[in-house]
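Taken in order, these protein sequences are the chains called R and V.
With the numbering used here applied, the first sequence has no gaps in its numbers, which climb one by one up to 282 at the end.
With the numbering used here applied, the second sequence has no gaps in its numbers, which climb one by one up to 1180 at the end.
Please keep in mind that the hints were generated in silico from the structure rather than gathered at the bench.
Keep in mind that this is a model prediction, so the values were computed, not measured.
Built from N, CA and C at the ideal position, the CB exists for glycine as well.
Be careful, since some hints might not be right.
As the list claims (entries may be wrong) - Cβ-Cβ distance ranges computed for the label pairs, FRET-style:
| # | chain 1 | residue 1 | chain 2 | residue 2 | range |
| --- | --- | --- | --- | --- | --- |
| 1 | V | Phe1084 | R | Val230 | 31 to 39 Å |
| 2 | R | Pro153 | V | Thr1087 | 56 to 64 Å |
| 3 | V | Ser1011 | R | Thr6 | 15 to 23 Å |
| 4 | V | Leu1148 | R | Glu65 | 36 to 44 Å |
Unchecked claim - Covered by chain R, according to a simulated footprint, are these stretches of chain V (three or more residues, beta-carbon under 8 Å):
| # | segment |
| --- | --- |
| 5 | 1048-1054 |
| 6 | 1083-1093 |
| 7 | 1100-1108 |
| 8 | 1120-1127 |
As the list claims (entries may be wrong) - In silico contact screen, one side only, chain V against chain R (beta carbon under 8 Å); selected entries:
| # | residue |
| --- | --- |
| 9 | Leu1019 |
| 10 | Glu1022 |
| 11 | Phe1114 |
| 12 | Thr1130 |
| 13 | Ser1132 |
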Amino acid sequence: MTLLVTNLIVMAVDARDADGRQKVLRVWTQTFASPLQNASSKATGATSGFFQQIWHFRSTAAENEQLKQRLIEMETELHTARGAAVENERLRALLHLNEQSDIKNIPARVIARDPSVWFNTITINRGSSSGVEVNMPVVTPGGIVGRVITVSPWASQVMLITDEKAGAGAVVGQLGSGALGSVRGRADLGVALIEMRYVSGLEKVEVGDYVMTTGQDGIYPPGLNVGRVVEVKNGTATQAHQIYIQPGAQLDRLEEVAVLLYHPPPRSLPEQTPTSPEKSRR
Amino acid sequence: MSQLKIAVVLSVSIVLQLLLREVWRPLSFIDFPLIVVVYIALQREAWQALLVGTIAGLVVDAMSGGLIGAGGFSKTLTAYVIYFAATRINLENPLLRIPVLAAASLLDSAIYVFWHRVLGYPPAVPTVQTMSYRLIATTVVGTLALYLIDATVAERSAQRRQFATRRRVARRSTGSLRRR
């Protein structure tokens, strides 16, 4: 009973912190968990490398001993070189992203994925010591990935754009087009697709159109790629289109990402309503 | 089962839970910590089962995007329910463990999802589909794992227990003979 009540209290404290605020409990747990996640990430890399070596060994078993040895060496070298080239390309793309935009960004490595099957968060190896803050956007050269939800000194947790609670203001086509709406994930769509809502049925939307951020959500800067339209269920004058988008970032194979050190411009307060003459008389 | 052994097995199960998702995503449907919890609860070790349930749940919660404490709550309650059933019904038969594992997986998922929905954090994946995959994966792997433990560890420990009882009986009898 004591254990159940303790769990319940911990859960209630964690749930109490509203979205967009730093969760104290989560920061502490992540501070202690991030070294383990970092170590496990490295171990996974080493294990898969080991199995790849075995695979290479098996595939060349039919050849004679000398050639086999030489082939293994060559393949290992080639594999390392290819890996380095791919990594180099990815990092170069991130660097290009840095040069392209005025917003500063920090490159980060994905050190863990959610161990439970119920959520799709990722953990990156950059935290408050690198200047990362809650709600900062996370991107890849392909498009937006999600936003930071928890920051500990050396790691941060990122909620992917495919999560039901992770919305973003978006527009189909170029900025300035009338096809405005909001994108968000849906549990039944997984990480492969996201849904775009509230686009007027009178706007022309076609499969293959690009979707960009508008910056109206107060998280993502305008003009970032979200993805490409893969399916449209046309709406009417009174009904919005139902649009499905394939995210530009490869969310199931993320390795390196960039955190944009972006602070949205403060929203202007609504003008005060004029006091009624009756009230002023009083 | 000694406490050190439990700690080692639990740590291994948590590390497996962390690593296997990185290797291949469908492997994350196997709930290794839950299998450990079920095994200990079936041994009718109430406190150990409840503690292991809480610790396993909280550690996984700490690294996941869900609410901290939801996994701890669900695993603790699951451990208690299995312990309660094991003290009243004979669940020693290996075949009976299949429905026990399935029920544990289903109960654990249902409680976890229930608390997240109640507190406004709906899971990011389809609930029924994920529950079904988790049930199948955990039951299949859990049945094999428990069978292996039975075939290797449990038999020896049962033998050791038998020898210890015999030794105690022998000592008592020799002691009484000496007194005479």
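Evaluation of the provided hints:
1. V:Phe1084 x R:Val230: 31 to 39 Å: violated, 50 Å
2. R:Pro153 x V:Thr1087: 56 to 64 Å: About 46 Å separates the Cβ atoms of Pro153 (chain R) and Thr1087 (chain V), which means 56 to 64 Å is violated.
3. V:Ser1011 x R:Thr6: 15 to 23 Å: holds, 21 Å
4. V:Leu1148 x R:Glu65: 36 to 44 Å: Since Leu1148 (chain V) and Glu65 (chain R) have Cβ atoms about 38 Å apart, the given range 36 to 44 Å holds.
5. 1048-1054: holds (count 4)
6. 1083-1093: With 0 residues closer than 8 Å to chain R, the segment 1083-1093 of chain V misses the three-residue bar; violated.
7. 1100-1108: violated (count 0)
8. 1120-1127: holds (count 8)
9. Leu1019: With a closest approach of 5 Å, the Leu1019 (chain V) hint holds.
10. Glu1022: Check passed: Cβ of Glu1022 (chain V) comes within 4 Å of chain R, closer than 8 Å.
11. Phe1114: violated, 11 Å
12. Thr1130: Holds: closest Cβ of chain R sits about 5 Å from Thr1130 (chain V), inside 8 Å.
13. Ser1132: Hint violated; Ser1132 (chain V) Cβ to chain R Cβ min 11 Å, cut 8 Å.
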